[in-house]
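Chemist: One letter stands for each residue in the lines below.
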Amino acid sequence: MKANRFWSWAFLALGVLYFALPLIGTFEFSMKMRRGVYSLDAYWAVLADPRFQATFTYSVMMALATIVVGVLLVVPTAYWVRLKLPGWRPYLEFVTLLPLVIPPIVIVFGYIRLYNTSSWLPLTGTALGTNILLMFGYVVLSLPYMYRAVDTGLRAIDVRTLTEAAESLGAGWLTIMWRVILPNVLVAVLSGAFLTFAIVIGEFVLAALLNRPAFGPYLQLIGANRAYEPAALAVIAFAITWGCMALIQVVSRFAPRAPTQPH
Amino acid sequence: MTDASAAALPAPPPARRARISFAWVGIVPFLAFAVLFLIMPTLHIVTGAFRNPAGEFTLVNIANLFQPSIIAAYWISIRISVASAFLGCLIGFMLAWAVVLGGLPGWVRSPLLTFSGVASNFAGVPLAFAFLATFGRLGLVTLILRDWFGINLYGMGFNILSFGGLTLTYLFFQIPLMVLIVTPALDGMRREWREAASILGATSFQYWRMVALPILWPTLLGTFALLFANSFGAVATAYALTGSSLSIVPILLFAQIRGDVLQDPHLGYALAFGMIVITGIANFVYIWLRARSERWVK
Amino acid sequence: MSDQFLSIRQVRKAFGPTVVVQEFNLDVKQGEFVSFLGPSGCGKTTMLRIVAGFEEPSVGQVFIGGKDVTRLKPNQRNIGMVFQAYALFPNMTVAGNIGFGLKVAGKPAAEIRSRVAEMLELIKLPDFGNRYPYQLSGGQQQRVALARAMAPRPQVLLLDEPLSALDAKVRVSLREEIRTIQKELGITTVFVTHDQEEALSMSDRIVVMYDGRAEQVGTPFEIYNRPATRFVAGFVGTLNVIEGTIADPAAGVVTIAGGEISVGNRVAGRKAGEALSLALRPEAIALGRREGRDGLVTGTIREVSFLGSVIRVRVDMGGALVSLDTFNSPASPPPVAGERAEISFSSSDMLILDR
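Protein sequences, first through last, are from chains A, B and C. Just so you know, we're using full-length UniProt numbering here: the first sequence kicks off at 1 and counts up by one. Just so you know, we're using full-length UniProt numbering here: the second sequence kicks off at 1 and counts up by one. Just so you know, we're using full-length UniProt numbering here: the third sequence kicks off at 1 and counts up by one.
It is worth saying that the hints were derived from the structure and are not from the lab. Hints may be right or wrong, so weigh each one.
Some chain B residues near chain A, calculated using beta-carbon distances under 8 Å [as the list claims (entries may be wrong)]: (1) F37; (2) A229; (3) L253.
Selected chain C positions facing chain B (in silico; Cβ < 10 Å) [what the hints assert, rightly or not]: (4) R49; (5) P74; (6) Q84; (7) L102; (8) A105; (9) A145; (10) F221.
Ideal Cβ placement from N, Cα and C applies to all residues, glycine included.
Build the full structure now, drawing on both the sequences and the hints.
Modeler: Below, the structure is given as structure tokens:
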């Protein structure tokens, strides 16, 4: 046990070193813009850049739209499958896990070919259409996380009993969804939402290939042309990711406990 | 389970038939979405790989993949993915082991898991920046090693824009992903199994070989396949790190789609098809091995 | 010492400032079946885990077959153990589980096969060798766990609440089966339980534990009929405690509920007027007068519960509620709540609780 503990500390120390170094390195580098002293110049330069503001706003809006559409798509489906179509669950789960297997670049390549200006659904023909296509792409990317979060949340509550109780009280379908199911899986939905936010905000491939002015391509552009600003942006991006995860932690404190799984 | 009670619910035949015929309508929006924005785009690529511009069936595109530069790109992609998935699994497993079973104090666990959640999602362009700022030519670690220890990393052949550099970078999200997946699996290892093995005379090594690893095997395999696909399809980090200077498949495809390099879209289909085939094989192998090793689960 | 096969000497175990086992001494004879009985948190499981080697005692020693095993690891002790929640290896078949101990000991495959078959025969699951644990019921899993523990021919068998995860019917049948197998193989066994019925029905001797100590060690008969302490009396079986006052110590007269009873010389030497607690098992009390019973008190029936073969009646005796059991006989109508009734008992059945 003593030897075990020594090795545990050794692994942990190595792990901490590996994960801390890039963060410290980036932070240190981001403050070296002014020669000889540490300063926050790189941050001011980034924040003052109108393109930063524009692309960041764009990506935030994109993330919010993705979350809304994702929730509207996933929550009723997961609920319905649990309630009425339990036999379909494995297939749906399989579909929602596909985006982890099919590289995003392949999916977006398909979009470009399938929904171009000369196709039956020329989404890429207009800016609005491309935005919608990009947002759908993000919904696809977030599907594995969103579906899992919601399905786990639904498992923690007894969907059938809740529904039947609500029905016996005369509630309609929309009321059940909005007043009964959603509040009960809210924590799960929020967890999925924050994760989605973290994924979408810095996403590069889809936005770059669909040619939208999102934060990811802006990051790449700055990285190719500047020295210190990228480090500052990396720190900011890390802070945003951290914030999203912290929010997940905070909201999951309020989660209903899942029934213990039999072994 | 609620599901079981659904099936057991007694219902008169006519009502039951009516329910079945309409229940599937509830998931039509989702299915339509999945078909339109996940299945069809992918199938379009797959079928495109076997067609010429005139739309006729051909194997030329696939055959065109077998040129040295593309083979080399696939090869380095596979190597990076295997290396980063394997090391990610190994190191992530050790970290999770240290926290769950290695006798570390309880307060270590929660920060490690939270951090893993953050780091596993800290990918893409910013991650490349972070590693450039740390292991690049003017990075913190490079400079410290040079100025304090007299070690010239780049003189020793290290380059962040290489197989080793990219693997090192990818580990930053691969390890935490493994930690996140394997920690609950290790939690599921019941203390009684270990104790039962021990009292039956097994050594620690025998316990791991005969009980613990076989039980964890499906999780380990699945995570390996996931990590493999995760790094195989990663574009942003590599692109921001290396530009187009390191020819891995996703970057080749990226350049292809952008129209930077080649103008043959059907070669692009074939490239993408190749990616699907490889991640598909990885997952098929996983499912096959899992089915073999999980006879003991319902 | 010679026929003491398993000896526990002066064992004390503390986790930090919490003492969970103290001054524990016990000698178990070869082939004996001893139960540790007590409420949860009394230290019985910790004591068992010390014997198994999962915990090291802070002070004291454990001997098996005359050999000090206190510092040996579990895998060096040659002990068999059955856990509460089955703990079968889910990745192995029944045969794999039973053969595990022999396999890690490096026994040849043929020997393992024949021993596994023998064990499957013993637990009456001869055709289950190729099943996986998830395909078995709880009772079957626990029988396999027993076979797994016995297969390497351990010197001592430890059973850690092996029946508590099972449902009532299976529990009773399995408890008889365990006892039969144990007698058949003559293996020294320590059984941990919080269920007094299990302990009473299975054991050669019982150790009643409370707060880390052995309160009493004795045969089931002794434990039930002559509890040494108030805790033992209260924990094992149902007990009516009646507060009384000593009227005449020399004559052994005690006042309870307005009546007087004689307890012989058992209060000799104590002061008159001193309060004391008297205890009676429900089955020692009868409704109505009975031949040869010297205790007779009148009370009011408050509650009648039908328990199947017996009827439990609660009688109010001057403020104290006393439970008693009468046999259910279809011929005679059950007592009715609210009626006045006389109850009788033998004062020699009455326990005097001092501490």
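Chemist: Using the nearest Cβ pair, does L253/B come within less than 8 Å of chain A?
Modeler: 6 Å, holds
Chemist: If you take the shortest Cβ to Cβ gap from A145/C to chain B, is it below 10 Å?
Modeler: 8 Å, holds
Chemist: Would the hint on F37/B stand, with a C-beta cut-off of 8 Å toward chain A?
Modeler: 5 Å, holds
Chemist: Verify the interface restraint on F221/C: the C-beta must sit less than 10 Å from at least one C-beta of chain B.
Modeler: 32 Å, violated
Chemist: Can we keep the P74/C interface hint, with Cβ of chain B closer than 10 Å?
Modeler: 4 Å, holds
Chemist: Tell me if the interface restraint on A229/B is satisfied: Cβ within less than 8 Å of some Cβ in chain A.
Modeler: 5 Å, holds
Chemist: Is the interface hint for L102/C satisfied, with its Cβ closer than 10 Å to some Cβ of chain B?
Modeler: Because about 9 Å separates L102/C from the closest Cβ in chain B, which is inside the 10 Å limit, the hint holds.
Chemist: Taking 10 Å as the limit, does the beta-carbon of Q84/C come near enough to a beta-carbon in chain B?
Modeler: 8 Å, holds
Chemist: Is the hint on R49/C kept, meaning its closest Cβ partner in chain B is under 10 Å away?
Modeler: Where the cut-off is 10 Å and the nearest Cβ of chain B is about 9 Å from R49/C, the hint holds.
Chemist: Holds or violated: A105/C as interface residue toward chain B, Cβ cutoff 10 Å?
Modeler: 5 Å, holds
Checked against the numbered hints given earlier, the structure breaks only hint 10 and satisfies all the rest.
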